[in-house]
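Undergrad: Could you put the whole structure together from the sequences, leaning on the hints where they help?
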Amino acid sequence: MSSKSKSLYRKISAAAQIPKDLSDGAVLVTATGQEELCIENYRGIIEYTDSRLMLQTKNCRLEVLGKNLFISYYTGEEMKVTGHIEQINYL
Amino acid sequence: MVQQLLQYTKGYVRIRVTGSSYERFLNMCAKHQIELWDLLEAHNAYEMNLSIRGFKTLRPLVKKSGTKVRIIERYGLPFFLHRHRGRKALPCGVLFGVLLMMFLSGFIWDIHIEGNQARTDDVIFDFLTEQRITHGMWKSRIDCKALAAEIRKAFDDIIWVSVKIQGTRLLIDVKENTDLALEEEVDYGPSDLISDVDGVVQEIITRSGTPVVKAGDTVKKGQPLVLGQVEILDDAGEVADYQYVAADADIYVKTTYSYNETFSMKYIKKEYTGRMKKGVFLTVFGKNFAFTGWPVSYEASDVVKEGHQLRVTENFYLPVTVGKIECREYELIEKTYSKEEAVRKAKESLAKFLWKMQEKGVQILQNNVKIETGVKSCTARGEIEITRRAGKRVERTLGVDAEERIQANE
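Keeping their order, the protein sequence lines are chains H and X.
Mind the numbering: the first sequence is residues 0 to 90 in numbering that gives the first Met the number 0, read in order.
Mind the numbering: the second sequence is residues 0 to 409 in numbering that gives the first Met the number 0, read in order.
Each hint should be verified, as a subset may be incorrect.
Calculated pairs, EDC-like style, for lysine to aspartate or glutamate (alpha carbon to alpha carbon, straight line, at most 20 Å) [said to hold, decoys possible]:
no. : chain 1 : residue 1 : chain 2 : residue 2
1   : X       : Lys63     : H       : Glu46
2   : H       : Lys66     : X       : Asp121
3   : H       : Lys57     : X       : Glu22
4   : X       : Lys359    : X       : Asp195
5   : X       : Lys67     : H       : Glu46
6   : X       : Lys30     : H       : Glu39
7   : H       : Lys79     : X       : Glu149
8   : H       : Lys79     : X       : Asp216
9   : H       : Lys79     : X       : Glu333
10  : X       : Lys391    : X       : Asp216
11  : X       : Lys174    : X       : Glu149
12  : H       : Lys79     : X       : Asp195
13  : X       : Lys375    : X       : Glu333
14  : X       : Lys30     : H       : Glu46
15  : X       : Lys30     : H       : Glu76
16  : H       : Lys66     : X       : Asp37
17  : X       : Lys269    : X       : Asp216
18  : X       : Lys346    : X       : Glu328
19  : H       : Lys57     : H       : Asp20
20  : X       : Lys219    : X       : Asp240
21  : H       : Lys79     : X       : Glu22
22  : X       : Lys30     : H       : Glu77
23  : H       : Lys66     : X       : Glu40
24  : X       : Lys269    : X       : Glu328
Computed spacing ranges between beta-carbons, pair by pair [what the hints assert, rightly or not]:
no. : chain 1 : residue 1 : chain 2 : residue 2 : range
25  : H       : Thr81     : X       : Met101    : 41 to 47 Å
26  : X       : Gln32     : H       : Asn88     : 27 to 33 Å
27  : X       : Gln3      : H       : Thr31     : 16 to 22 Å
28  : X       : Gln3      : H       : Asn88     : 32 to 38 Å
29  : X       : Ser104    : H       : Thr31     : 39 to 45 Å
30  : H       : Ala14     : X       : Pro59     : 25 to 31 Å
31  : X       : Trp159    : H       : Tyr72     : 51 to 57 Å
32  : X       : Leu76     : H       : Cys59     : 50 to 56 Å
Derived by calculation from the structure, the hints in this document are not laboratory data.
A virtual CB, placed ideally from N, CA and C, is assigned to each residue, including glycine.
TA: Okay, here's the thing in structure tokens:
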């Protein structure tokens with residue numbers, strides 16, 4: 000998609016009030032307190048240790064830093080991370 | 000919770016993945032829609048759970064990602080069954096259990112009645128027992144429609160009934176008529192009212208019949224008050240005929256009541272010594288078993304039983320009662336009332352008597368009761384002036400005119 004048609008696409012989808020996670024494939028991060036993180040719309044895991052989780056999304060990379068990170072479940076659409084979360088970075 | 004149960008029934012394994020490109024392995028699992036849960040990094044390896052079905056499709060992914068997979072734990076029902084495949088009694092037991100449940104679910108285990116206020120549960124249960132509807136009966140023997148109709152027929156004040164079987168419960172929902180039913184007037188035949196008391200008529204209001212006394216008259220017991228015949232006059236103003244009715248009137252008569260009560264100054268009082276023994280008892284099918292562990296050696300004692308009947312469901316009582324049993328020793332002590340005590344007791348019983356009279360609708364005008372205490376006894380004696388309703392219904396005595404007519408006919 001050229002930048003011109005991309006901007007048109009964005010305008011149309013904004014006008015149609017399509018959520019960004021559907022139109023752009025934006026990553027959806029739902030944090031519950033500091034202990035729970037629900038992530039949707041990612042491509043895959045790049046790295047996972049108990050202190051660092053790196054995910055590839057459509058537009059950027061998502062880095063979660065913390066302690067005792069633990070993936071409660073992991074499917075193609077959704078994953079849940081529990082543990083002590085310290086940072087969420089978009090790289 | 001539901002998901003865990005589902006995972007357990009389907010079975011899952013915990014695997015350990017070793018190798019450098021474990022991320023690739025994880026992503027490929029996601030792509031192939033193999034669900035992973037409880038991922039954990041441990042000792043340079045990754046441990047995770049996945050379903051049996053997922054594990055079976057894992058081989059090409061493992062090969063592609065160049066990792067090694069080892070099962071470290073097996074969970075779930077399929078593994079449990081496999082482990083216990085040699086036990087013949089287990090499936091038999093399960094089968095027996097299922098069959099037993101199916102068999103037992105063919106009975107009624109609970110009868111629930113709702114919506115009844117004036118009619119107690121017990122009354123309805125007695126009726127159900129009469130109809131041979133009891134706990135533990137076959138469900139198929141109950142005809143809900145017929146039972147509902149029977150209940151409606153048996154209880155006038157129940158205006159709506161719903162009977163349904165839900166599982167092993169018989170639910171009876173009733174609606175009672177909350178409008179106060181009018182008191183049905185008893186239809187008396189032609190009858191008179193006679194006095195049942197000696198006194199002076201205070202007030203007389205006649206509803207039907209002919210009054211023969213008026214206010215201020217003195218009446219004796221047995222004297223007619225209202226006759227059940229009404230004169231029918233002809234044009235000349237003479238009696239042509241009599242109409243016979245049930246006499247009905249409110250008659251208030253002033254009368255005296257002689258009150259006389261005597262009681263002995265000596266009395267026996269029961270006093271608990273405070274010594275008691277405790278135990279438990281069990282009643283099975285009307286047979287008593289007491290576990291007291293003591294021989295009763297008291298001269299005089301009260302035995303108090305406090306039982307609790309066992310039940311399976313809300314209203315399904317078993318013929319088994321368990322409870323506490325207590326044996327309390329007492330002594331009988333002879334005592335004498337003091338003068339003040341005797342007077343107080345006499346006054347109390349008089350007050351009780353007066354209150355009971357007033358409850359019955361008697362008006363107390365004057366109270367001349369005097370209390371005398373002697374050495375041996377105490378007496379309360381005197382006249383109480385009261386106004387009370389009088390009138391006793393008797394079958395109509397044949398009047399003179401009637402007799403004459405009978406003779407004339409003959």
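Undergrad: Does each hint hold? Answer for all of them.
TA: Evaluation of the provided hints:
1. As the CA atoms of X:Lys63 and H:Glu46 are separated by approximately 18 Å, the hinted pair is consistent with the 20 Å bound.
2. With a C-alpha separation of about 66 Å, the suggested pairing of H:Lys66 with X:Asp121 is violated against the 20 Å cut-off.
3. Of the supplied pair hints, the one linking H:Lys57 and X:Glu22 holds, its CA atoms being roughly 17 Å apart against a limit of 20 Å.
4. Between X:Lys359 and X:Asp195 the CA atoms are separated by roughly 16 Å; this keeps the pair inside 20 Å, and the hint holds.
5. About 18 Å separates the Cα atoms of X:Lys67 and H:Glu46, which keeps this hinted pair within 20 Å; it holds.
6. Only pairs whose Cα atoms come within 20 Å are accepted, and X:Lys30 paired with H:Glu39 is accepted, the gap being roughly 14 Å.
7. At most 20 Å may separate the alpha-carbon atoms for a hinted pair to count; H:Lys79 and X:Glu149 exceed this at roughly 61 Å.
8. For the proposed pair H:Lys79 and X:Asp216, the alpha carbon gap of about 102 Å is over 20 Å, so the pair is violated.
9. The straight-line distance between the Cα atoms of H:Lys79 and X:Glu333 is roughly 86 Å, outside the 20 Å bound, and the hint therefore fails.
10. Between X:Lys391 and X:Asp216 the alpha-carbon distance is near 17 Å, which keeps this suggested pair within the 20 Å criterion.
11. Distance hint between X:Lys174 and X:Glu149 is fulfilled; the C-alpha atoms sit about 14 Å from each other, no more than 20 Å.
12. Simply put, H:Lys79 and X:Asp195 have alpha-carbon atoms about 94 Å apart, too far for the 20 Å limit, and the pair is violated.
13. Restraint check: the Cα-Cα separation between X:Lys375 and X:Glu333 comes to about 14 Å, which is no more than 20 Å; the hinted pair holds.
14. Between X:Lys30 and H:Glu46 the CA atoms are separated by roughly 17 Å; this keeps the pair inside 20 Å, and the hint holds.
15. Taken as a hint, the X:Lys30 and H:Glu76 pair is honoured in the structure, with Cα atoms around 9 Å apart against an allowance of 20 Å.
16. A C-alpha spacing of about 16 Å is found between H:Lys66 and X:Asp37, which places the hinted pair at or below 20 Å, so the restraint holds.
17. Of the supplied pair hints, the one linking X:Lys269 and X:Asp216 is violated, its CA atoms being roughly 53 Å apart against a limit of 20 Å.
18. Only pairs whose Cα atoms come within 20 Å are accepted, and X:Lys346 paired with X:Glu328 is rejected, the gap being roughly 32 Å.
19. For a cut-off of 20 Å, the pair hint linking H:Lys57 to H:Asp20 stands: about 10 Å separates their Cα positions.
20. For the given pair, X:Lys219 sits about 29 Å from X:Asp240 by alpha-carbon distance, which is inconsistent with the 20 Å threshold.
21. This hinted pair checks out: H:Lys79 and X:Glu22 have alpha carbons roughly 16 Å apart, not beyond 20 Å.
22. A distance of roughly 12 Å separates the Cα atoms of X:Lys30 and H:Glu77; the hinted pair therefore holds under the 20 Å criterion.
23. About 12 Å separates the Cα atoms of H:Lys66 and X:Glu40, which keeps this hinted pair within 20 Å; it holds.
24. For the suggested pair X:Lys269 and X:Glu328, the alpha carbons sit about 10 Å apart, so the restraint of at most 20 Å is met.
25. Taken as a hint, the range 41 to 47 Å holds for the pair H:Thr81 and X:Met101, whose Cβ atoms sit roughly 43 Å apart.
26. Between X:Gln32 and H:Asn88 the beta carbons are some 29 Å apart, a value that agrees with the proposed interval 27 to 33 Å.
27. Our hint of 16 to 22 Å for X:Gln3 and H:Thr31 holds, since their Cβ atoms are close to 20 Å apart.
28. Between X:Gln3 and H:Asn88 the C-beta distance comes to about 33 Å, which sits within the given range of 32 to 38 Å.
29. Between X:Ser104 and H:Thr31 the CB atoms are about 43 Å apart, so this pair conforms to the stated range of 39 to 45 Å.
30. Checked against the given bound of 25 to 31 Å, the beta carbons of H:Ala14 and X:Pro59, roughly 45 Å apart, lie outside it.
31. Between X:Trp159 and H:Tyr72 the beta carbons are some 53 Å apart, a value that agrees with the proposed interval 51 to 57 Å.
32. In this structure the supplied range 50 to 56 Å is violated for X:Leu76 paired with H:Cys59, their Cβ-Cβ distance being about 43 Å.
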